[in-house]
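*Asks:* Protein sequence lines correspond, in order, to chains B and P.
In terms of my numbering, the first sequence has 61 at position 61, counting the first letter as 1, and numbering is strictly consecutive.
In terms of my numbering, the second sequence has 98 at position 98, counting the first letter as 1, and numbering is strictly consecutive.
Think of the hints as simulated: they come from the structure by calculation, not from any bench.
The structure presented is a predicted model; accordingly, all values stated were derived computationally and were not measured.
Glycine is no exception: its CB is placed at the ideal position from the N, C-alpha and C atoms.
Wrong hints could be hidden among the right ones.
Rough simulated footprint, nothing fancy, chain B against chain P, three-plus residues with beta-carbon under 8 Å [to be verified]:
id, segment
1, 23-35
2, 43-51
3, 58-71
Listed below are the simulated BS3-like cross-link pairs for lysine-lysine, each with C-alpha atoms no more than 27 Å apart in a straight line [said to hold, decoys possible]:
id, chain 1, residue 1, chain 2, residue 2
4, P, K6, P, K34
5, B, K18, P, K91
6, P, K91, B, K33
7, P, K34, B, K102
8, B, K7, B, K18
9, B, K7, P, K100
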Amino acid sequence: MRLDFVKIFVDSTILLFKELVGPSVDVPSISMKASPVAGREVMAIIGLAGEAQGRVIFDMDLFTAVQLAGHMIGEPSPGLTPLVRSSIAELASMAIGSAISKINDQGTRLRMTPPTVITGANLVTYDQCFETLVAPITTAYGEVRVNITIQDLD
Amino acid sequence: MRFHLKRMMDSFDNVIASEAANGTEAIREYGRLKPDIVLMDIVMPGLEGVETVKRICDADPAARVIMISSVSYREKVEEAIAAGAKCFISKPVTTEQLRKAIEQVCSPEIEEET
């Protein structure tokens, strides 16, 4: 696990959330989990490739996703609309894009895939051999877990 | 991103905004509509943003492309500008930043350079 990169991902996400959602953002604890990792009802997944590989999954419950998106859009949303899905994808993309930029500026070539948003009940992700670092980020609208797996190619 | 940008664009006066889901579609739509302004991300499904800008600007050197992306490391910004983008904005972008960027790329000085 590239913990130096993990720190950049978490710090970038916190910074973005503070800018977009408000100052009451906190990460009470960070933990390491073995696969599989159970997700909540809304997940945004971004793949990482280049000189390191991995993926970042943002997961949250439906209420948090709708509230967060409503805050970003500037008006309440009636439910999980395409605009809400797009907003959650955009939130994840901005957080990881910012981290990717810092990592590249430090000299490691790393790319990200466009975010994929998956919704449903009892979502579980499996990685064959990676451990996942889980950072739960508390916001005024609920908790968003950032599940990060990244390691060097060799 | 395009949902949000389209909402911003729709809030401006005298703007008709269209959208494309990926680079290939963007190139096709550019050829069909010849828009005054193109807003382009870097991370897209299929053909990525910088290559899409290059193809649009190779076909039409007068194209006015504004890159808007959270992927904003120095080398990538330089690639985007070399590909033909007139301006680069880091996300998150505000309506006011977008308005200023559009005014900038539509200014006569930029027109003379192209």
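*Asks:* Next, verify each hint and record whether it holds.
*Replies:* Verification of the supplied hints:
no.: 1; hint: 23-35; verdict: violated (count 0)
no.: 2; hint: 43-51; verdict: holds (count 3)
no.: 3; hint: 58-71; verdict: holds (count 3)
no.: 4; hint: P:K6 - P:K34; verdict: 17 Å, holds
no.: 5; hint: B:K18 - P:K91; verdict: 14 Å, holds
no.: 6; hint: P:K91 - B:K33; verdict: 31 Å, violated
no.: 7; hint: P:K34 - B:K102; verdict: 35 Å, violated
no.: 8; hint: B:K7 - B:K18; verdict: 16 Å, holds
no.: 9; hint: B:K7 - P:K100; verdict: 34 Å, violated
In this structure, the hints that do not hold are numbers 1, 6, 7 and 9, in rising order.
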